[in-house]
Structures are given as C-alpha cells and as structure tokens.
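Asks: Protein chains in written order, with the working numbering: chain A, 157 to 276; chain B, 157 to 276.
Rather than coming from a laboratory, the hints here were simulated on the basis of the structure. Worth double-checking, as some hints may not be accurate.
Because identical chains share one entry, a pair is satisfied inside a single copy or across any pair of copies.
Stated by the list, open to error - With a cut-off of at most 25 Å between alpha-carbon atoms, the simulated SDA-like pairs for lysine to any residue come out as follows: (1) K235 <-> A215; (2) K235 <-> E263; (3) K195 <-> P170; (4) K235 <-> P168; (5) K195 <-> D216; (6) K235 <-> P171.
Protein chains: 2
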Amino acid sequence: MSPATSPIARTPEPPYYAVIFTSVRLAAEDEAYAAMAEKMDALARQQPGYLGIESVRSADRVGITVSYWESEATILAWKRVADHLGAQRVGRERWYADYTVRIARIERGYTLASSPRVGL
Amino acid sequence: MSPATSPIARTPEPPYYAVIFTSVRLAAEDEAYAAMAEKMDALARQQPGYLGIESVRSADRVGITVSYWESEATILAWKRVADHLGAQRVGRERWYADYTVRIARIERGYTLASSPRVGL
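Only chain A is shown next, with the shape it has when bound in the complex (with noise of 0.2 Å):
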C-alpha cells in the first residue's frame, strides 16, 4: 500500500495534536454528506498545520475521523474556518443523531514495521 493511497495518515515524531471526531449518522441524506465531507476534507488539507486524516465509517453509521495537527492554534484556525462555512451548524442540525469532538495532544506512537518484538 503506497503512502498516497494508505488509510493510515503518516505522521511525524510526536509531540503533534489530533481532533478526534466520533460520531452516529442519520440516516438521511447520504448524497448531501458526502459531499459536504469530501469537499471539508479537501479544504483541511489546504490548511496550515495539516498533518493527515483517518476516516472510518461503519455500515451502522458510526464513524471516527482522526485529523492531525501540528500545534493547537493550527486546530482552532481551521475550526474558525469550518465554522464560517457554517458546516457544523448544517452537520448539527441535520446530519447527526450524536457527536464527540475531543483535542489531543498526541505523546508517543508507533507503527507495526516499528513496533518491539512481544517478549524481547
């Protein structure tokens, strides 16, 4: 799996910040939300600061999206952004039965190709 195309966001040696987003969707207007989503991904992105994104959402319309920022201040700028777009008040209203935002500042990590060896 090339690193363009990995589900798994590529990040630098902690400390960096996370916007860990756990929410239930709706079921209504799929079509709407995916491209409110694609097009919210795309301006993340662009942002200052951006480091990756994991996105998952299961078939019972759970999801957890993990962004990942350099510093806290990089977060609160695109959260300013986002909510000028209005996107949290449509998303609020609209498009989630329930949602957890929560801001991490990310410690320590590793990767399966640089996890120990169990028991060594």
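Once you have looked at the hints, place chain B on chain A.
Replies: Same frame as chain A, but now just chain B:
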C-alpha cells in the same frame, strides 16, 4: 440512544488519556479475529483506569479504535496484560496488513449537546 448502548464513550472532564489504534485488516480469519477482539475488549473493561472505548471498522477493512484511560500508567499496565496474552504478536503476524498506535492526552472536548452555537 441510551448510554449503555451508545457507540460514543461517556468520558469525564479532561485531562485523561487515549490510545488511538488505526489498522488495516487482512482478509483472513474473520471469526477468529472477532473472537479475539471481543475477548480483549471485555478484558480491557475490567482494567483499572479504563474509561471507555469507541471502535469502528469499515467494509474495506480499515478500523479505528480509541480507548480512553485515566492515566498513562493505566495504559502501560493494560499493554503489559495484552502483551502477556500474546494478542499483539498474533495480530501483527496474522491479522493486520498495517497499523499505527498513538498515545494521546485529551486536553478538552465537547459533545453535540454541549456544543456552543455557531456564530454566537
């Protein structure tokens, strides 16, 4: 949606900690994997410091699981239990094409119910 069945974890006021596990599953041994995952989740829930878990896997075998913990110490204690059970070694060799683990400190958060009105 009742708290007991919600896929969104009810976590306390920050700060607390999270393990973000993003993975790509190989197309093999789905039943054995599901049995292992269920067993590990049940064990995690019994660990000291466990606060909750959110887990989603898409039809194309990409998964994000976020578990929440009181402290880094309780995360490390759970990792020792999991390593001892060999789940990580088996997973790495047989079940995953790729994965990344990130340990994070949750700094702040909000929910649909507590979200500030946009533009106000």
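Asks: Does each hint hold? Answer for all of them.
Replies: Evaluation of the provided hints:
no.: 1; hint: K235 <-> A215; result: neither (28 Å within a copy, 30 Å between copies)
no.: 2; hint: K235 <-> E263; result: both (22 Å within a copy, 16 Å between copies)
no.: 3; hint: K195 <-> P170; result: neither (28 Å within a copy, 31 Å between copies)
no.: 4; hint: K235 <-> P168; result: both (22 Å within a copy, 23 Å between copies)
no.: 5; hint: K195 <-> D216; result: both (23 Å within a copy, 22 Å between copies)
no.: 6; hint: K235 <-> P171; result: both (20 Å within a copy, 21 Å between copies)
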